[in-house]
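Student: Please work from the sequences and hints to get the whole structure.
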Amino acid sequence: MKLESFRRLRIPAQKDSPFCWEVLVKQDGFFPTKSALDADAETAQLEGGVDREKSRRTLFVTSVPPLLSVAKLSRVFEEAFGEIEDVKEKVVVQRGAEERLRKRKASGYGVSSSTLQPSCSAIRLLHFVFRSALSVSSLLSSALPVGGGQPNGPQSKHTPDKAEDGRGPREALASDAKAVDGSLRLKTDGAAGWLQEAAAFARTPDELQREVDEFMENHDLKKEIERQRLKQQQVTDEDGFTLVVGSSATAADGTTFKAIRRSEAGGSPLGVAVAGSRGFAGRAGARRGAPDDGEEGAVNLFVQQNAAACGVSSLDEARGGTGGRRRKKKRKGGIEEDFYRFQRREKRRKEFLDVQRSLAADEKRVEAMEKANKFSL
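The sequence shown begins at 1 in my numbering and counts up by one.
Because the hints were derived from the structure by calculation, they are not lab data.
Each hint can be trusted.
Here are the simulated BS3-like pairs of lysine-lysine, each with C-alpha atoms no more than 27 Å apart in a straight line:
#1 K72 with K88
#2 K2 with K54
#3 K347 with K364
#4 K26 with K90
#5 K26 with K54
#6 K54 with K90
Computed beta-carbon distance windows for the label pairs:
#7 A198 with H219: 26 to 32 Å
#8 S17 with S121: 23 to 29 Å
#9 E214 with T255: 33 to 39 Å
#10 A198 with A122: 41 to 47 Å
#11 E224 with F352: 51 to 57 Å
#12 S69 with S121: 18 to 24 Å
#13 L195 with G29: 43 to 49 Å
#14 E85 with S121: 27 to 33 Å
#15 S69 with E207: 41 to 47 Å
#16 Q209 with E85: 53 to 59 Å
#17 A13 with L195: 17 to 23 Å
#18 V93 with G29: 19 to 25 Å
C-beta atoms are modelled at their ideal positions from N, C-alpha and C, and glycine is treated no differently.
Tutor: Pasting the structure below:
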């Protein structure tokens, strides 16, 4: 096996590291086995064709450092060149010439060779079987010759214009641009990756100020929406009482704002029109200082004449939309004074004291009149 038949490929020791492992690679050669030579011609031809096709997809790798694991090497090859079908590893132990010389000298002096420190080297031989022969061709084109020089391009003898099966032109692989001077370029990681991630999260002062302003605007809007929602819903305390919120608000300067009363004209569109016309007539009459009985009577007559056409049974329904029902009484404001028993009892006590005071005042007035000799009993 000649050294010139190999090509050297550099593999980074770690991602984003300037230090590399260097391995020797070549395409695996086809050597017929003894069983294939002894078999008949047809069987030998079939087995030979299968072995040749597999040898074109097999990469032979040697001079692999002990710290470079098979799993890492397989992962690097799959990411850069294509899927791997099978991996085989063999370790060959070779004894050096110095060890043989030391054993020869030790035997001459009568020293046991087992006490000597062994001097040997282990060589790792790897076979990577890819799914496609194009992966092997692309890997070899990315490697450098052992004697130096530049890696072959896609048009070299390892990557022909046509595929090796002769079916068509070779497709461009993603790994064509993944090697620089025989060294694979892997994904950026480590300290450089951390710096890139930190730079992606960094913001300029203007961008940071803009993001803070947008966040504060959204925060204030959410707070206002939540405040309005809590204001509209009924709040029940722990004792079971419902807090009733009034419809008025007091400003900081003491000004009280009352809520606008809703229009009572409801039911049918005709009722809304009648209420609007009545209100307009009343305002116009008030401005002129004259009563509006004539205009209101004309409107009522018009409503009575057209009530059936509008689907309204009576004038009361047209005005209020209540359908003949009694209107609700006006709700009394404030707290009722005679609702609770103690309020009624206190009310009777106050009335009794008022009567006593009035009687005492009357007696004093009568005594004063007697002293003035106005009359006598």
